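**Student:** These protein sequences, in sequence, are chains U and H. When the letters of the first sequence are read in order and numbered with the numbering used here, they come out as residues 1 to 414. When the letters of the second sequence are read in order and numbered with the numbering used here, they come out as residues 1 to 305.
Hints were generated in silico from the structure; no laboratory data involved. Worth double-checking, as some hints may not be accurate.
As the list claims (entries may be wrong) - If you want the footprint, here are the derived chain H segments under chain U, 3+ residues with CB under 8 Å:
1) 117 to 128
2) 201 to 214
3) 278 to 289
Remember, it's a predicted structure, so these values are computed and weren't measured experimentally. For every residue, glycine included, the Cβ atom is placed at its ideal position computed from N, Cα and C.
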Amino acid sequence: MVSRRELGGYSGALIAAAAIGRARAATPPTGEPVKFGVLVGLTGPSAVAGNACYQCMQIAADEVNAAGGVLGRPIKLVVQDDEGRPKAAVDAANLLSDVEKVPLAIGGYSSSTALPAGQVFNQKSVIWVTDATTNKLKTVGPFCFDTAGLADQAAGLVDFVKADHPGNPGLKLAGIFENNPIGQDRDTVSRERTKELGLAWQHSMLYQVGAGDFRAELQKLIDSKPDAILTDVYDNDAQVMQKQLYELGMTDFSSIYSYNLSAYSTLDPSLTNGMKGLDYVTSGPRADEFLKRYVARFGKPPSDAWAPPFYDAVWIAAIAVNMANSLDSSRIRDMMWPSAYHTLGVSGQGDKGFNMYGKQAADQGMGQMYKDGKYVDYTPKSSRSNLVVFRYSNEEGIVLDKAPSAEEFKKLYG
Amino acid sequence: MNVAQMLVSGLISAAELGIIAIGLTLTFSILRFANFSHASMAVVGAYLAYFLNVTLGAPLFLAFIVAVLAMGLFGVAVDTAIFRIMRNTGDLTPMITSLGLSLVIQYSVQAIWGPQFLRYRYGVRPGLSLLGAHITAPQLGIIVVTTVALFAFHALLKFTTLGKAMRATATNPELAQACSIDVNTVIRAVWFIGTAFAGLGGMFFAWDTQLDPYFGFNLIIPVFCVVLIGGVGSFYGAIAGALIIGLTENVAINLNLASFLAPLGLASAGDDISLSSSYKPAVAYGLVVVLLLLRPSGIAQRELI
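Go ahead and model the full structure; you've got the sequences and the hints to work with.
**Tutor:** Below you can see the structure in the form of structure tokens.
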């Protein structure tokens with residue numbers, strides 16, 4: 001097995017081709033396609049992001065097929081729309097498992113759909129690869145994987161805010177979070193980290209996704225008089241809230257820090273000037289190539305920073321199938337760890353290795369800012385770099401190159 | 001606690017809900033069934049205005065006027081094509097049909113315009129400062145236009161022949177018919193006005209926030225709450241219901257009970273004893289339960305006026 005360090009000098013395509021066991025000029029795959037289930041919100045409150053996620057998967061699927069496919073066969077994405085609703089996600093997961101009989105499924109941008117779908121897939125021993133970020137994904141089971149960091153990593157934004165306010169030990173923070181599993185996780189993590197850093201947490205605004213009118217909640221947030229506001233708002237809610245904050249008299253947005261700054265990218269600059277935060281980056285070794293292909297095919301970059309991890313998910317899954325040399329989901333599952341260990345992805349900084357839970361051992365964000373209508377890198381006042389890395393300080397921060405043993409699975413999941 | 005802002009935000013919510021709820025209660029008063037497609041009519045009106053304003057480039061106010069009139073005609077067409085046939089089938093059949101119609105409308109809108117959120121061609125403006133509250137020109141316009149519309153409708157009901165015919169039909173349709181009132185004309189007028197109001201409410205909501213295929217679904221329960229609190233079929237009741245729901249939603253989570261408990265020695269003046277914002281949706285529905293327990297028929301009697 002080639003070591004991680006040795007792989008560092010190779011291009012991604014060659015790594016993939018080598019793992020698939022074919023020459024660079026791959027023989028076209030033939031035969032009945034291998035189905036990869038896809039479960040995302042193509043409609044519903046996260047439809048813009050969901051469609052971007054699916055587009056990233058399509059690019060990866062085409063590349064996998066161009067590199068020889070899996071087991072000599074092409075892969076076919078079998079798509080189901082979770083509509084952003086947990087019930088629809090569960091129904092779709094059952095359909096993919098029982099009717100389409102997929103060995104693995106990829107998707108679940110939103111934690112509120114990824115979690116229930118993951119529970120269904122895990123019960124049926126179908127591998128589920130998501131980039132949702134609720135910490136509760138750690139409890140789903142051994143068939144659940146994640147190609148983006150969990151809510152635990154949200155603590156990085158609190159550190160970022162503190163670093164941007166040097167000499168203010170009494171910094172008062174407030175947060176805006178979705179009233180769903182991931183939002184509640186981030187609220188908890190943010191408050192705990194705030195306390196650890198000796199800062200003050202003033203107010204948590206937990207809002208109903210897609211509600212449309214947030215004036216009452218925003219007024220309460222403003223009245224709590226925080227020095228900085230951490231926002232975990234996505235898609236269209238981000239745009240409505242920003243507009244309503246502006247209408248409620250807020251004109252200086254330099255006190256707002258976002259976990260997902262690119263969600264505000266389509267807003268008028270007067271509504272974002274000064275906003276800072278972290279953005280999930282697409283800066284792995286093959287990121288430029290991936291972005292060029294994406295733009296060539298779809299006309300513009302991915303509309304959501306969390307879509308590219310799904311590109312990596314398809315590649316990791318495809319390589320795992322070939323390493324398993326089987327469509328048995330348990331064997332594929334056991335190969336997910338070495339596959340991710342040796343895959344240089346495009347999302348984050350490319351390192352997609354899994355820890356014992358099948359989740360990311362570390363995750364990265366880049367400090368950014370909206371300045372005079374431009375989206376620029378931003379380094380906090382007392383930092384030397386705008387790169388924020390969160391790695392678990394315990395055994396969860398260790399990347400595994402092979403699957404946990406049966407005993408270890410039992411210890412983790414009972 | 002910014003009381004002025006709470007009141008202003010409450011009035012804006014009340015205006016948006018109220019204009020839609022008036023149409024719903026009007027439909028119920030004459031046609032005697034709960035029209036679940038009513039909130040979807042708000043969505044259609046909003047998208048029609050979007051088509052006129054953004055796709056065809058019409059000025060926003062002209063787009064609104066044309067869309068309101070078009071929605072009125074659309075309501076008449078829907079009644080002619082669908083609900084007229086169910087006139088004598090009781091209230092369950094048209095209610096279920098209206099539920100199906102609302103889903104057809106939602107998914108059709110989504111198929112035509114896509115799931116992404118859209119906005120009218122109207123820039124974002126800062127709020128005007130008014131007695132400690134911030135209100136934008138569009139929001140002020142929404143309150144003013146809604147008020148004018150309600151007064152106009154009151155005048156129609158009180159002083160015109162059509163209005164009297166509508167009141168008579170609402171009170172006793174058989175007797176109204178026996179008195180040579182053309183009930184079919186009244187019904188067409190009800191659909192025209194009710195759907196036009198729904199469309200106008202949808203346009204206001206979309207103008208104030210943004211436009212998406214699902215906002216009708218988000219509005220249907222608050223609108224029904226307004227109608228239930230006000231008294232099903234009551235015009236003035238719907239106004240009162242809208243004010244209650246709109247103000248309660250904005251006041252309840254901002255009200256700091258410490259300022260009331262502190263003089264009693266039960267809290268300190270600097271404490272924050274208020275509802276978490278995550279309870280905001282529950283407040284309105286909790287209020288519906290409480291008010292209906294106290295007054296099951298709603299605030300007003302079941303009369304149109």
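**Student:** Would you mind marking each hint as holding or not holding in the structure?
**Tutor:** Each hint tested on the structure:
Interface restraint, the stretch 117 to 128 of chain H with chain U: holds (6 residues with C-beta to C-beta distance below 8 Å; minimum three). Note: the stretch 201 to 214 of chain H has 6 residues with beta-carbon separation from chain U under 8 Å; the three-residue rule is met and the coverage holds. Counting residues of the stretch 278 to 289 of chain H whose C-beta sits closer than 8 Å to any C-beta of chain U gives 3, which meets the bar of three, so the coverage hint holds.
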